[in-house]
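J.: In case you want the letters, here they are:
Protein chains: 2
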Amino acid sequence: MKSNLDALFYPTSVAVIGASRQPGSVGHSLLANLIDSRFQGIIYPVNPRAKGILGLKCYSSVLEIPDPIDLAVIIVPAPVVNQILEECGQKGIPAAVIISAGFKEIGGAGLKREKEIKQTAAKYNIALIGPNCLGLINTDQRVSLNATFGTQFPRPGNISFISQSGALCVAVLDYAKEANIGFAKFISMGNKAGLTENELLRYLQHDEQTEVILMYLEDLVNGREFMSIAREITSHKSHPKPIIALKAGRTLVGARAASSHTGSMAGSDKVYDAIFQQCGVLRGETLEEVFDYVKAFAHQPLPQGNNVVIITNSGGPGILATDSCIAHGLNVLPLPEKARTKLRQALPPTVSLNNPIDLIAEAQAETYAAALDILLAESAVHSALVILTPTAFTRVEEIAQVIVRVAKRRRKPVVCCFLGVYDVSRGIEILEENGLPDYRFPESAARVLAQLTKFSWWVKRPSTKVKKYPVKKGAARRILRQVQAQGRNFLLEPEAYQVLQAYGFPVVKFKVASSEAEAVQAAEEIGYPVVLKVVSPNIIHKFDVGGVRLDLHTAEEVKQAYQEIIENCRRKVPRAQLTGIIVEEMVPTGQEVILGMNRDEQFGPILMFGLGGIYVEALEDVTFRLAPIRELTASRMISQTKAYKILQGFRGGPQYDVPAIEDCLKRLSQLVTDLAEIKELDINPLRVFEKGQGCLVIDARIILES
Amino acid sequence: MKSNLDALFYPTSVAVIGASRQPGSVGHSLLANLIDSRFQGIIYPVNPRAKGILGLKCYSSVLEIPDPIDLAVIIVPAPVVNQILEECGQKGIPAAVIISAGFKEIGGAGLKREKEIKQTAAKYNIALIGPNCLGLINTDQRVSLNATFGTQFPRPGNISFISQSGALCVAVLDYAKEANIGFAKFISMGNKAGLTENELLRYLQHDEQTEVILMYLEDLVNGREFMSIAREITSHKSHPKPIIALKAGRTLVGARAASSHTGSMAGSDKVYDAIFQQCGVLRGETLEEVFDYVKAFAHQPLPQGNNVVIITNSGGPGILATDSCIAHGLNVLPLPEKARTKLRQALPPTVSLNNPIDLIAEAQAETYAAALDILLAESAVHSALVILTPTAFTRVEEIAQVIVRVAKRRRKPVVCCFLGVYDVSRGIEILEENGLPDYRFPESAARVLAQLTKFSWWVKRPSTKVKKYPVKKGAARRILRQVQAQGRNFLLEPEAYQVLQAYGFPVVKFKVASSEAEAVQAAEEIGYPVVLKVVSPNIIHKFDVGGVRLDLHTAEEVKQAYQEIIENCRRKVPRAQLTGIIVEEMVPTGQEVILGMNRDEQFGPILMFGLGGIYVEALEDVTFRLAPIRELTASRMISQTKAYKILQGFRGGPQYDVPAIEDCLKRLSQLVTDLAEIKELDINPLRVFEKGQGCLVIDARIILES
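Protein sequence lines correspond, in order, to chains F and H. Heads up: take any position in the first sequence, counting from 1, add 38, and you land on the numbering used here. Heads up: take any position in the second sequence, counting from 1, add 38, and you land on the numbering used here.
One chain only, chain F, in its complex shape (with noise of 0.2 Å):
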């Protein structure tokens, strides 16, 4: 049986409620689109006020129609769409797109009319894309709809789109047509106040049709739901689809607009690039990136490393894609001895053996050919950036064929920019036509190899889990627990430390002490040197009232510290209660670095890493990722910082103990995964030793939910 997304997708007969015989207007540009499309099923326009449109027999309601119908589209005023699509629910249609605007975005009225929308479509179980869209495309030859007022049907193709803006479904339809690029299913999510991104992603996952999915995205309805259908679809083991994502709102007056837009929460960014990265989503910048990058996507081999060569016949353009292939990661290596052998035997004289290769503006097919099959055969040559700039004498065309030919032969991602001088149309003809992107710019080409490359990359990483490490879940409630009944919201250091022990977090040697001969005794336990803290509900800056004392080495220093400490906090916090002091160990120097968790109210917990120190704090150098983390997340938020460098050893310095780091990350992703009660969590600093010497949380922060 055809379930209700198939109904939407695949139905064998629409009723357009609302269709008008007003050229120019929606009901009647949608109706000639259904018609023009050549829809392989029955269309049924329904309106009482006419007997019939552009041919076809007009029915004065849905519950008139004497046959079933699989899709309504309605376009009627808003005032009356919940009537309509009630109507729909009666006569048993599955599935429904509504276009007409005036709900959520509207505010006011239009909420409470999306909430009953909604309703109705729950009630029946009607499967509803909008309201508020522009409407539903599908180019398969089975069906050929198109439910949409737009004025582009787009030729059929492998890439489906979801957008949750009408705007860009135009913009992207219009863009697709000049740029030969082919659609499976388009779709125009608009208020998503029935199905939104997720179940779509689910239906495009397992659609035939369906190689390269784009999006544009405002929010997401469920983040974590959202990623583990794309990693699903990213991950696949013999199938693969590339998820490539536009998301606005990017900036906070971005996201403000969003909001006032789509009316709804647009949740922070840096939490949209975690997830986007966690489940192997690519992110693109522009609306342009990302319609360069689906480009090669959808018919382009991924590449197997990312060495790269560019070709060329002029210098300029050469230097240009060599830049940008360097910005973007890319490796333009010099090329393999054993190609420069069978280079100079190929290839005239002039050509100098580098990469780029400049093949000289005289250079014809057979040159273009024997390079690129000469470095593509070359194993350690990943992708060919191919550049053509024309003379009166180049034979464009044949250049465009040999290349389609040699890269079909070697199953290695080409991407091209052909430059016009005199015309080079045609050649671009023939590569897109043979599935190899060309662009106008040299920058742009490289940008997209550097694309193919990650998800590459992507597709073929170490698979790896969510580490369960045996902890004492149970001890560190408890302590939860007694914070709770104290009727406070957070824990004190020990506490804080305890709970971490719990979880097997190396924490410093620390015992607490209610008198001087108990802060002696922990010191002489401990061993010296060692540091006093006080220990208070009512402090939080312990070292701004001198409640801190570092570096004591014998029992009359730690004697007098401890004097000196309840002294300080006596005077300046005086009814602050004193719960003992803290002895600790005083840990050798090392690389401080900071984990932090934030339970989002949208996201659940995220989970940062960072450097410690004031300029990664001023930079912003740290990552985010929604817990729980995988083993090669953990190691990855570190080594995305851009500071990692320092703990890899810097100019010099020392090498880190980074699997301490990221043994610490994992036990904190299930730490907070385990335990919701936490609302926060700092660890700052985490001291991290040499290389094998591992690491100690020497100063924690634990808040929970109030």
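If you are wondering where the hints come from, they were derived from the structure by calculation, not from laboratory data. Check before you lean on any hint, since a few could be wrong.
For identical chains, the list gives no copy identity; a pair is met inside one copy or between any two copies.
As a list, the in silico DSBU-like pairs of lysine-lysine whose alpha-carbon atoms are at most 35 Å apart [unchecked claim]: (1) 549 with 376; (2) 446 with 506; (3) 729 with 610; (4) 610 with 683; (5) 680 with 597; (6) 150 with 380; (7) 511 with 95; (8) 150 with 376; (9) 89 with 275; (10) 683 with 215; (11) 308 with 129; (12) 446 with 549; (13) 597 with 275; (14) 380 with 580; (15) 680 with 729; (16) 308 with 680; (17) 215 with 510; (18) 729 with 380; (19) 717 with 683; (20) 505 with 215; (21) 153 with 511; (22) 506 with 717; (23) 683 with 308.
Given the coordinates of chain F, work out where chain H should sit on it, guided by the hints.
T.: Just chain H now, with coordinates in the frame of chain F:
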């Protein structure tokens, strides 16, 4: 009398030496282009084997032409070029363009040939373009000169283009045709054997047809001269001309390609960034960016500030534009209250009065006109970005017309983004015919506005001078001479301190002691606590050999430290000559910064500024400028680092004494300009105290030219 460059750009007669009868050949294409562009002077083809070409009588040599010739265009094979140029010299031809390749770019014999033509051009004082170039265009209808072998002759316009790559010329002409961009002068420089970017810039500075200068560069022949000319052009009081540069060879490998392409050394990219910053040249990242920029600079006024309003009729593109504006440093300001009141009266109630202001899909010309006019009338609004995604009912042309009208009336920059659903091409034509640039993507439009704003800031910046401090130059030079006399090429720490003191730097209190007693006496004079450091021509890493003792509070501690340092150094570096021990005051804590200078072979002294610490180094958060620097430059060197916010008081931290750092930077600039024998200088660190408290040099290193 005409200058040689006038003869080049405004010839009354042109000899085409190497004109050819073979269609498609360079010698034929070029002659045909001259004829087809309706050159206003007389053309003399030179070809000993032809009687006539394309209807023109041929001469066997320039020497045979009975009339005087202004410009020779040379297309003969490389080996005979110099002989031809010699004949041109004998004939008294003041200007020549050598199209032929086979010179510096091929190395070997080509290098020799290039040297010969340089000498010949110098001997006869010929204004020479090339060799190895596409040629030259002047669209001025008084001459209408197309001396290139390209296929496009651009329409007249106010942009001039200077290119170091022929292929890029071709790409630019091609793009210009599509984008309706007009050019004034168009010059393919080739190998720059004669005229370079500097002479050409100087010419364009005074060229009435040129209002915007676009450059593609792979290197600069004389960076300092370039800076001074470019600065004059961009800073002209009444008529500044923007210069937009695409500099290739950004990355190291890119630079390698540049050098194999042009045979010229490409300087370090950071230096180019510094040069462009200092002379107001706007650097584009990609070919596409610079195209986008010139389109706006050609006709739009400059904004008076960075407040932008975004007017749209569709949400998604508005959000994308907002994100991009903010990412580029523009201020998407909340709409001013006064404007809101007016807008509320003028616009339909459905329009929400935010920025971006969403006029909703149905908006017509009156709505656009009212919104744009009311907003541009506000003094707080400096520019506008207008987006249109039309419906079937949108009167696109009318909207384009009112945008043009309002923009002209309000004399504020407006950039547009008409997204095509329904056909918007006629609307875009109306915009561009009237000098309003339209971009395919909202993000491009935002980026362009940011560049207009940046150039406006440059034009209006306060004019500052290079400050001349009264310094003891003689004293400083004496120290350097003494060092050189001792056969050293580096200064000892006390010597470096003295040089800096001679230039008025605030240096830590110090004295050099040769005995325990002297050290104690020095400490008493300086005041406790003090620091002791070894002074030795053989010890560079003082800390590593135990040559430093910090925080000494008593005479006893000083004596002991003195002995320890001597013993440590004797033991670890037995052969080191110990000049003495430097006694310094122990300086209070503060923020550490680094000031440095490196004398570049090509560009001279390059100053560097950055905050201290390994993070800044790892993240490469430093700025460079060529000395001497003006007052404003010193301030921007500091404020353009990302870590600058730390100096301003980050997260409740103290505000530091930035003017004191600026003072040091300016003194450093004077020092390294005065004393060319200094090769490298590092003040690391300069310790900076809170606002008003100044700063102190607490370590310095000076290396001399050897």
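J.: Would you mind marking each hint as holding or not holding in the structure?
T.: Hint by hint, here is what the structure shows:
1. With identical chains, the CA atoms of residue 549 and residue 376 are never at most 35 Å apart, being 66 Å at best within one copy and 64 Å at best between copies.
2. When the C-alpha separation of residue 446 and residue 506 is checked against a cutoff of 35 Å, the pair qualifies neither within a copy, at 45 Å, nor between copies, at 67 Å.
3. Taking the shortest Cα distances, residue 729 and residue 610 sit within 35 Å of each other only across copies (28 Å), while inside one copy they are farther apart (42 Å).
4. When the C-alpha separation of residue 610 and residue 683 is checked against a cutoff of 35 Å, the pair qualifies only between copies, where the shortest distance is 31 Å, while the shortest distance within a copy is 42 Å.
5. Neither within a single protomer nor between protomers do residue 680 and residue 597 lie at most 35 Å apart by alpha-carbon distance, with minima of 44 Å and 45 Å respectively.
6. Proximity of residue 150 and residue 380 under a CA criterion of 35 Å is satisfied inter-copy only: 31 Å between copies versus 73 Å inside one chain copy.
7. For the homomeric pair residue 511 and residue 95, neither the shortest alpha-carbon distance inside one copy (69 Å) nor that between copies (99 Å) is at most 35 Å.
8. Proximity of residue 150 and residue 376 under a CA criterion of 35 Å is satisfied inter-copy only: 33 Å between copies versus 71 Å inside one chain copy.
9. Taking CA atoms no more than 35 Å apart as the test, residue 89 paired with residue 275 passes in neither setting, with 54 Å inside one copy and 72 Å between copies.
10. When the C-alpha separation of residue 683 and residue 215 is checked against a cutoff of 35 Å, the pair qualifies neither within a copy, at 45 Å, nor between copies, at 47 Å.
11. Proximity of residue 308 and residue 129 under a CA criterion of 35 Å is satisfied in neither setting, with 46 Å inside one chain copy and 70 Å between copies.
12. Taking the shortest alpha-carbon separations for residue 446 and residue 549, neither the intra-copy value of 69 Å nor the inter-copy value of 76 Å comes in at or below 35 Å.
13. Proximity of residue 597 and residue 275 under a CA criterion of 35 Å is satisfied in neither setting, with 64 Å inside one chain copy and 73 Å between copies.
14. For a Cα distance limit of 35 Å, the shortest separation of residue 380 from residue 580 qualifies neither inside one copy, at 71 Å, nor across copies, at 55 Å.
15. For the homomeric pair residue 680 and residue 729, the shortest alpha-carbon distances inside one copy (20 Å) and between copies (31 Å) are both at most 35 Å.
16. For the identical chains of this complex, residue 308 and residue 680 are neighbours both inside a copy (16 Å) and across copies (19 Å), given an alpha-carbon limit of 35 Å.
17. For the identical chains of this complex, residue 215 and residue 510 are neighbours neither inside a copy (60 Å) nor across copies (72 Å), given an alpha-carbon limit of 35 Å.
18. For a Cα distance limit of 35 Å, the shortest separation of residue 729 from residue 380 qualifies neither inside one copy, at 45 Å, nor across copies, at 66 Å.
19. Taking identical chains as interchangeable, the C-alpha atoms of residue 717 and residue 683 lie at most 35 Å apart whether they share a chain (31 Å) or sit on different chains (30 Å).
20. Taking identical chains as interchangeable, the C-alpha atoms of residue 505 and residue 215 are never at most 35 Å apart, the minima being 48 Å within one chain and 60 Å between chains.
21. In this assembly of identical chains, residue 153 and residue 511 lie within 35 Å of each other by CA distance neither inside one copy nor across copies; the values are 42 Å within and 81 Å between.
22. When the C-alpha separation of residue 506 and residue 717 is checked against a cutoff of 35 Å, the pair qualifies only within one copy, where the shortest distance is 21 Å, while the shortest distance between copies is 58 Å.
23. Taking identical chains as interchangeable, the C-alpha atoms of residue 683 and residue 308 lie at most 35 Å apart whether they share a chain (22 Å) or sit on different chains (21 Å).
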